[in-house]
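Participant: Take a look at the letters that make up each chain.
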Amino acid sequence: MKKRVFKCFTNYEKEEIWLNQMAAQGWHCVDYFPCRYTFEKGEPGEYTYRIQLLDQVPTHVESAAYLEFLEEAGIQAVASSMRWVYLRKKTADGPFEIFSDRESRIAHYRRIIYMLLPLGLVNLLFGLGILGRWEPINIFNLGGAVLLAMPMVGYYRRIQALEKEGQIRE
Amino acid sequence: MPLEEQGALTEAVFYILLTLHKPLHGYGIMQGVQELTKDRLTLGPGTLYGALNTLAEKGWIQAFKSKQDSRRKEYIITDLGKSVFQRELKRLEELLTHGKLVNGRKGL
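If you read the sequences in order, they're chains A and B.
Numbering-wise (numbering that gives the first Met the number 0), the first sequence opens with residue 0 and increments by one.
Numbering-wise (numbering that gives the first Met the number 0), the second sequence opens with residue 0 and increments by one.
Treat the hints as calculated values from the structure; they're not laboratory data.
Quick reminder that beta carbons are idealized off the backbone N, C-alpha and C, glycines included.
Part of the chain A face toward chain B, derived, beta carbon under 10 Å: (1) 61; (2) 86; (3) 96; (4) 106.
The following label-pair restraints were derived from C-beta to C-beta distances: (5) B:52 / A:162: 16 to 24 Å; (6) A:16 / B:81: 38 to 46 Å; (7) B:30 / A:9: 33 to 41 Å; (8) B:58 / A:2: 47 to 55 Å.
With these hints in hand, go ahead and build the complete structure from the sequences.
Facilitator: This is the structure:
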């Protein structure tokens with residue numbers, strides 16, 4: 000049995016939590032298209048889900064090598080969207096975290112911020128009429144800038160908290 | 000010693016260098032570290048893959064050409080990597096010696 004759910008997230012960590020809540024109810028994500036999730040009914044809690052932003056698009060050689068390495072480790076990529084990949088691992092095979100130390104976690108947050116920042120800036124400039132002539136429709140650019148800024152602030156706070164901890168622990 | 004060459008290695012890097020004293024592929028490193036630390040340390044695949052690339056760039060490890068045609072990329076530690084590893088061992092030994100000294104003294 001399959002079902003489709005339409006839902007949009009701006010923060011990938013909240014998205015992860017939701018995917019795992021769905022999995023706990025036996026709904027396992029098998030496909031993703033922006034704001035559209037396809038779930039397949041299975042054993043509750045069979046899989047743990049994680050989302051990662053890759054350095055390169057999934058078809059790039061580097062990413063392909065990484066995804067192959069994940070497969071060896073029992074981790075399956077169920078979907079991708081631009082540079083985002085949706086990963087899952089059988090819960091019975093043990094805990095599943097993509098990053099196991101502070102440095103790599105910070106690097107991942109930074110990678111996301113660097114991707115969002117130019118998009119946010121362009122939207123802001125159009126939204127304020129600094130780029131191009133301002134039309135009422137540009138209000139959507141302002142909205143976009145705010146939508147992009149919110150997760151960026153969230154990730155930035157996570158980085159700061161991690162860096163603070165990094166001052167006393169390796 | 001330049002500032003960049005001082006300081007502790009991350010736990011992930013330390014165990015990667017340790018396990019790569021014999022050729023291993025990524026998943027082999029993960030399993031090796033898990034066994035050695037009795038599941039205390041599980042390297043995340045993202046962390047491990049990133050570290051392998053960085054270490055290869057620094058020349059501390061290199062791709063290992065195995066005789067049997069293997070799809071999986073194996074790595075091995077280089078001489079440079081070994082010297083970094085030995086230096087870290089010395090540093091850790093110093094910490095351990097001093098730590099034990101405190102333990103031996105009473106009423107500190």
